[in-house]
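Participant: Given next are the chains, with one letter for each unit.
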Amino acid sequence: MTTIPIAGHRAGLRSEVGRFVRFLLQELKPKGKILTPFNVVTGIIVAVAAVLLAIRFTRGLGAITNLSQDYPWGLWIGFDVITGVAFAGGAYVITFMVYILGMEKYHPIVRVTVLNGFLAYVFYAGALLLDLGKPWNVINPVIGNSFGVSSVLFLVAWHFMLYMMAELVEFSPAVAEWLGWRRVRKVLMGMTLGAVIFGITLSTLHQSGLGALYLMARDKVHPLWYSEFIPILFLVSSVFAGLSMVIFEGSITHRVFRHRVGPVLKASHDSIQLGLARICAGAMFVYLVLQLLVFVHGQRWEHLGTGWGAWYLLELVGFVAIPAFMFTESHRSGSVRLLRYAAVLTLVGIVLNRLNISVIGFKWYAAVRYVPSWQEIWVTLAVISAEIWVFRWVVNRMPVLDFALGHGTRSEPEHDSVRSVA
Amino acid sequence: MNRRDLLKTLGVASGAALVSRPAAGQHAAPYAGDTVGVLVDTTKCMGCRMCEVACAQANGLPEPETDVDLSTLRSTSPTQWSVVNRMETERGPVNVKRQCMHCLQPACASACLTNAMHRTGEGAVIWRESKCMGCRFCMVSCPFDVPKFEYDSANPKIQKCVMCWERLEEGKQPACVENCPFGCLEFGRRSELLDIARARIYAEPDKYVHHIYGEHEAGGTAFLYLSSDPFEQLGFRTDIGTTAYPVYTKEFLYAVPLVLTLVPPFLLAVSKARRGDAEEPEEGGGES
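So the sequences go chain by chain: A and B.
Here the numbering used here is used: the first residue of the first sequence is 275, the next is one more, and so on.
Here the numbering used here is used: the first residue of the second sequence is 223, the next is one more, and so on.
For the record, the hints were derived by calculation from the structure and aren't laboratory data.
Just the calculated beta-carbon pair ranges, DEER-fashion:
| # | chain 1 | residue 1 | chain 2 | residue 2 | range |
| --- | --- | --- | --- | --- | --- |
| 1 | A | 325 | B | 469 | 42 to 48 Å |
| 2 | B | 472 | A | 328 | 41 to 47 Å |
| 3 | A | 344 | B | 350 | 23 to 29 Å |
| 4 | B | 301 | A | 643 | 20 to 26 Å |
| 5 | B | 295 | A | 307 | 56 to 62 Å |
| 6 | A | 537 | B | 469 | 54 to 60 Å |
| 7 | A | 537 | B | 491 | 30 to 36 Å |
| 8 | B | 293 | A | 321 | 48 to 54 Å |
| 9 | B | 477 | A | 378 | 31 to 37 Å |
| 10 | A | 622 | B | 459 | 31 to 37 Å |
| 11 | A | 331 | B | 313 | 50 to 56 Å |
| 12 | B | 350 | A | 307 | 52 to 58 Å |
Beyond 10 Å from chain B on every Cβ pair, some chain A residues (computed):
| # | residue |
| --- | --- |
| 13 | 287 |
| 14 | 293 |
| 15 | 307 |
| 16 | 649 |
Derived pair list, reagent style DSS-like, types lysine-lysine, alpha-carbon separation capped at 27 Å:
| # | chain 1 | residue 1 | chain 2 | residue 2 |
| --- | --- | --- | --- | --- |
| 17 | A | 540 | A | 305 |
| 18 | A | 540 | A | 379 |
| 19 | A | 460 | A | 540 |
| 20 | A | 379 | B | 494 |
| 21 | B | 429 | B | 266 |
| 22 | B | 353 | B | 379 |
| 23 | A | 540 | A | 307 |
| 24 | B | 379 | A | 637 |
| 25 | B | 494 | A | 460 |
| 26 | A | 637 | B | 472 |
| 27 | B | 394 | B | 379 |
| 28 | A | 379 | A | 460 |
Glycine included, C-beta positions come from ideal geometry on N, C-alpha and C.
Full structure from sequences and hints, please.
Facilitator: This is how it looks when you write it as C-alpha cells:
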C-alpha cells in the first residue's frame, strides 16, 4: 500500500489528496492482459446484452422476453433473483458459523464469501430492475408514499436493501485496508458483529420470504411443489445452496487467484471444504426429512405416477439425496474431488427446485408454456459476466483471500507484484 | 371478527357518520363506505357484447372487434377489460361475461408492495399508475388471473376492470351494467344482490344451480354469478376455496416482527456465551 500516512508527517492535505487520487486511478486500471479468451467472450456477451436491454427499455419487455399474461415471471425472476439469492446464502451461514458460533476454522473464507454474497445481491437486484415495468418507481416502497406493508414482496425488497448494507459493512474493513485507512478500519471492525447479527436475521426472513411469494399462487404451482411450508423449505435449502456455492466458487477462486491466496487459507482450504461438506450433508438430510413430511402431509402420492412425479423424484433423489451421500462420503474419505462434484450436483438441484416452483411447475396446466427466449438467457449470462468482472477487480486489489486471521500481516505490498489475470 | 376487520369497520363506521351529515354534497357517492357489486345472471345473457363496447367507451379503450366468434375462448386483455364468452355446457351454449371479480380481500392488493392495487371504500379494486413499479406480483397472486400487463410498452400499465369507480363516485352505475339491454347485469349493494340472487334460486329452483359464484369464493367477491349449469362448465375455477387469499401469507407476515425482535438478542447471547470470559481477539485480531 502506498498511501498509508506516516504519523506526524506534515505533508499538506493537497498532496495527500493528490496521492489518493493517483492511487485510485492506478487501481482502476486492469492489472493484466486485456485480450484474454475469458475477457473477449464475456465482453461480447455484455456488449450484446447492452443492445438487447436498449431494445427492452424502448420497446417494452415483450420485445425480448417470452413473458406473457399467463407467465408474468420468467427466467429473470426465477433464476436470477430467486435462485441467485439462494446461492448467495453462504454469506449468512458462514458469518453465523464464524462470528456467532466461533468456528474460527472458517474465518479465512469469510471475506470472499461476504464479497460474493454482496455482489450477488447487487447484481441480482440489478436483474430485478431489468424486469420491472416501471423501474423508476422502485423507490416508492422506500420513500414512504406507498408502503404496501401487507405484501411479502415489500418485506423482501426492504430486506434485500438492508442486507446489502449489512454485507457492505461486513466487507468494509477490507476496503479500508486496501485504502490504508487504519483508523477507519478500526471503526468499521467494531461494527462487524452488529452487521452480522442484523444480516443473519434479515437473511432468515428474506430467504424464506422468497418462498412465501408463492403462497398466494397456491392454485398455480404444481401440487408436488406447492405447500404452505415453502418458506421453511426455502430457508433450509438456502443453507446448503449457499455452502455448495461457497465450495464451488472457492474451488475456482483458489485456482484462478492462486497468487492472491494468503498462507492461512492456502493451508486450510481443503480442510475448510471438507468441513463445509459435512454441514451441507446435515442440512440436506434435514431438508429431505422436511420434504418427506410435506409429501405425506400434502397427500401427494397420486401425483407420483405422473411425469411430474418422475421429475419431482429426480430433483429430490438425484440432486439432493445423492449429493448429500456424496458429501458424507467425501467427509469420511477426505476426498475433496468428490465433494466438489457433490457441490455441483447440489447447485443443479437448487436451480431445478427454484425453477420448478417459479417457472417449470408454474401454471403446469397452461396450454401454452413459457420457455425463455435466447435474449433472456443472454442477458442472464451478461449479469453473471459483469458480476465476475467486479469480483475479479476486487479480489485482485483488496485483501480478500490473503487475509491472515488474527495477525496484522495482511496486505503486504509483495503480493501486488504477482498480480496477473485481470 | 379479527382486530383488523374491527378497525376497518370502525373506520368505515366513522367515515359513514361523517358522510351522512347533511353537509355532504349532493353528488356524494351514494354507496360510499358500503360494499357494492354486480350480479351477473348468465341465464339472461344473449351475448350481444354491448357491455364490451360500453366498457371500452367508458374507460378509453379501443373499440372491441365486431367480428368475433363467441365460442372461441377469449380472456380479458390489456385493451379489453371485459369479455363475453360462449361456453358449451350439457344444456347448450351459455354466454358468460368475465372481468375482474373485485374480491372483498383482494390478493392483488395484498401482494402489491406499493399499494398501487387498492380496494376503494365501495369495493372497487383499482390500479394507481403513479405507485406501480411493474413487478407483476399482482398477476402471480390473483386467483382469477385478472391483471394484465402491457408487454409492448416502454411505460407499461397494469390493465383490469376497475368497476368504473370514477362513475360510481359520480353516483352512476358501471358502464357495462347501465348498457346491458337484457337485465343480465344488476348493480347494487352486495348484500342486497345476494338477496336477489337467492330469491331467484328459490323462485326457480330447477332453472338455477344452487350456488352463487363469488359469495364465498376467495373470501367473497363483489361480482356475483348465477348459472343454470355447474360453474366449472362455464369456465370458472371451482378449486379456489373460500379462504381470502391474503390469509395465506398472514402467518408468514406475523412471524416477521417476532423474528426481527427475537433473533438478534438470541444471536448476541450465543456469541457472548460462546466467548465467555476469555478475551478472544475480534475479527482479524483487531488492529495489529
